[in-house]
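Residue numbers (this note's numbering), protein chains in the order written: chain D, 1 to 166; chain L, 167 to 656.
Treat the hints with caution; some may be incorrect.
What the hints assert, rightly or not - With a Cα cut of at most 30 Å, we get these calculated BS3-like pairs of lysine-lysine:
hint, chain 1, residue 1, chain 2, residue 2
1, D, Lys162, L, Lys334
2, D, Lys108, L, Lys370
3, L, Lys334, L, Lys261
4, D, Lys77, L, Lys370
5, L, Lys376, D, Lys163
6, D, Lys105, L, Lys376
Said to hold, decoys possible - Okay, the calculated bits of chain L under chain D, using three or more residues with CB under 8 Å as the criterion:
hint, segment
7, 318-329
8, 373-380
Stated by the list, open to error - Far from chain L, by Cβ distances over 10 Å, these chain D residues were calculated:
hint, residue
9, Thr2
10, Leu17
11, Val33
12, Tyr49
13, Ile51
14, Ala60
15, Met72
16, Gln102
17, Leu110
Don't read these hints as lab results, they were simulated from the structure.
Even glycine gets a Cβ: it sits at the ideal position worked out from N, Cα and C.
Here is how the chains run, residue by residue.
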Amino acid sequence: MTALFYFFAFVMLAGGLGVVLTRSPVTSAFSMVVSFLGLAALFIMLHAYLIGTLQILVYAGAIMVLFLFIIMLLDLKAEEDRKISLFTVIGGALLVSVFASQIIKVVKALPAAAEAMPELSASASEDVKNTGLLMFTDYVFPLQIIGVLLLVATVGVIVLSKKELK
Amino acid sequence: MPAYYLEVIVVVLGLTLLLVEAFVPLGDRRSLAWLAALGIGVVLCLSFLVSTPEQAEETGRFSALYATDGLALFYKRIALLTTLLVLLMSADYRKILHQYTDPERPQSQAGLGEFFTLPVFACAGLMWMASATDLISIFVSLEAVTMTFYVLVAFMRRNVGSLEAGVKYLILGALSTGFLVYGITWLYGITGQTELSAISEVLKEGAVSKTAALFAFALILVALGFKVGAVPFQFWIPDVYQGAPTPITAFLSVGSKAAGFVVLLRVSEPFIASELISSNVITILTVVAGATLVYGNLAAIPQNNFKRLLAFSSISHAGFLLMALASTPAGGAISQFSISPVSAISFYLAAYLFMTLLAFLVMTLVRTQRGGESIDSFRGLAKTSPFLALTLLIAMMSLAGVPLTAGFIGKFYVFLLAVNQHHYWLVALGVVGAAAGFYYYLKVVRAMYWEAPEDTSAPAIEVSMPTKIALILLIVAVFIFGLDPAPLML
Numbered sequence: 001m002t003a004l005f006y007f008f009a010f011v012m013l014a015g016g017l018g019v020v021l022t023r024s025p026v027t028s029a030f031s032m033v034v035s036f037l038g039l040a041a042l043f044i045m046l047h048a049y050l051i052g053t054l055q056i057l058v059y060a061g062a063i064m065v066l067f068l069f070i071i072m073l074l075d076l077k078a079e080e081d082r083k084i085s086l087f088t089v090i091g092g093a094l095l096v097s098v099f100a101s102q103i104i105k106v107v108k109a110l111p112a113a114a115e116a117m118p119e120l121s122a123s124a125s126e127d128v129k130n131t132g133l134l135m136f137t138d139y140v141f142p143l144q145i146i147g148v149l150l151l152v153a154t155v156g157v158i159v160l161s162k163k164e165l166k
Numbered sequence: 167m168p169a170y171y172l173e174v175i176v177v178v179l180g181l182t183l184l185l186v187e188a189f190v191p192l193g194d195r196r197s198l199a200w201l202a203a204l205g206i207g208v209v210l211c212l213s214f215l216v217s218t219p220e221q222a223e224e225t226g227r228f229s230a231l232y233a234t235d236g237l238a239l240f241y242k243r244i245a246l247l248t249t250l251l252v253l254l255m256s257a258d259y260r261k262i263l264h265q266y267t268d269p270e271r272p273q274s275q276a277g278l279g280e281f282f283t284l285p286v287f288a289c290a291g292l293m294w295m296a297s298a299t300d301l302i303s304i305f306v307s308l309e310a311v312t313m314t315f316y317v318l319v320a321f322m323r324r325n326v327g328s329l330e331a332g333v334k335y336l337i338l339g340a341l342s343t344g345f346l347v348y349g350i351t352w353l354y355g356i357t358g359q360t361e362l363s364a365i366s367e368v369l370k371e372g373a374v375s376k377t378a379a380l381f382a383f384a385l386i387l388v389a390l391g392f393k394v395g396a397v398p399f400q401f402w403i404p405d406v407y408q409g410a411p412t413p414i415t416a417f418l419s420v421g422s423k424a425a426g427f428v429v430l431l432r433v434s435e436p437f438i439a440s441e442l443i444s445s446n447v448i449t450i451l452t453v454v455a456g457a458t459l460v461y462g463n464l465a466a467i468p469q470n471n472f473k474r475l476l477a478f479s480s481i482s483h484a485g486f487l488l489m490a491l492a493s494t495p496a497g498g499a500i501s502q503f504s505i506s507p508v509s510a511i512s513f514y515l516a517a518y519l520f521m522t523l524l525a526f527l528v529m530t531l532v533r534t535q536r537g538g539e540s541i542d543s544f545r546g547l548a549k550t551s552p553f554l555a556l557t558l559l560i561a562m563m564s565l566a567g568v569p570l571t572a573g574f575i576g577k578f579y580v581f582l583l584a585v586n587q588h589h590y591w592l593v594a595l596g597v598v599g600a601a602a603g604f605y606y607y608l609k610v611v612r613a614m615y616w617e618a619p620e621d622t623s624a625p626a627i628e629v630s631m632p633t634k635i636a637l638i639l640l641i642v643a644v645f646i647f648g649l650d651p652a653p654l655m656l
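Just chain D, with the same shape it has in the complex (with noise of 0.2 Å):
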């Protein structure tokens, strides 16, 4: 299980690094892809099994898809070489290298870390059963903003983007 969760962490990273440092948009559309694959494997190795399938069905396809398209009708060229300035890389350096320090400082003093995962209880794995429920029982009023916060989306894609409004 830790040779497999390495490997799915690595593959996410890899897709991620690839986003950032690569040229081309399809390139990094794809890179992206592979990022998602590997971070929907990580939600299954935790028995979350609904956020993994989510993971695939929405982000990998449904919005990957999207960005294709996007690439497409666009014609996006590879990005041209930028000039990247010494200010910025040591900037981006240092924040970074804080972060990071302080997440391993903390993960350090976080005694559950070395502690094995529980088993799940049988109930546990019905995980869509489980938050449909609570979705739409508990977590309504959370659920009922999100669609106000859809609409708004909404009415701003058509309003920022139609050619020519009425």
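For this one, chain D is given, so just place chain L on it according to the hints.
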């Protein structure tokens, strides 16, 4: 009437406006703005009829996600009042907006309906934020608000400045959302709870890893610091404030900031109440408050654009507000003073609403009728439009903190709290900041009263009746609460 009816009414109002815009042929779409403002005004009146929790006991999961205490109601009213005034401003702003949404057809009213409707939805989001007491409802309502602002900031889509502001806000906003979610995850991971009251109990017991709890707090502070404009998370403020349509800048600088602070108050409360990490949290807040005070005030000094000046002023006011938050007594117990940081911050934000919106209302008029936002556009305003000049003078006096204005009382409470907690460094930085404030706020006053107008033949600026009433009411509020702050104390 239960408190959550208010948001329901606001959302229904928004939906109605969208439908009216789509199906009813309107001669002048500004009537949508009046309709929206009227609806929001009605909800504002209704908010005084809301039954307090003692009268209507609620049970179940919902009451854990949604608070109906005085604090929530106070910030709901701030959100409603801000939206009301922003809608009035938006109606005045029509001319400028039109230049950048549909420049080819001078008579078209393209996109106006959405421009008047989206603030209504943002208002509902701000009201939910005021009531959010669970990390999940906090996150969701915060996102609903931010999403609306992404659209509104970039609304003048043929204007490069507005688009740049929109993109900047979107990217940095997404980054801060990432920090927020990560912080929430850590907090949930160490406490096993998403309800703030339950988190508070776990943290009080002290059976959690101190490092991890501080890490979670730091991550959430990054995200909320972004929302309220605290240094070092203020990078976006000057550009976004300058690029966004002026009414939206006002909305961001008052509505978004106030809601950000109520969330910050609620989230930091369990951390400050926990003996385990209280002193560290106070130290973090003190450092952030000090940095915000210094940066906001010093960077405002050289500004020549009035909108940008107000952006830096908004950072500096965030500094004073954080100073009050950092002066929370360790352990959260308030015994020896007559005022708690929560009421000081709430009063300050209400005063900030009056004076900032006063300034923005005048600026919208000057922008639409004189065509500029630089301080030079205000030259000689006292000769051409004495009423507007006087209004802006009062706003600037209050922002700077001249006695007898609400701004002075707000600053006074903040300094009182800081002195009581022996935060003398913060007090010193605050004094320097307030002094710098006198210089940069009065720069505008000098332009209005002592300099000759750019164009002496320019006609006086017309002020529509609703705007005039709003201006007069705000001026009255600045003085009334400057003399007697009691009605606004929580």
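### Task
State the violated hints by number, sorted upward, taking the hints as numbered earlier in the document.
Hint check: 4, 5, 16 and 17 fail, others pass.
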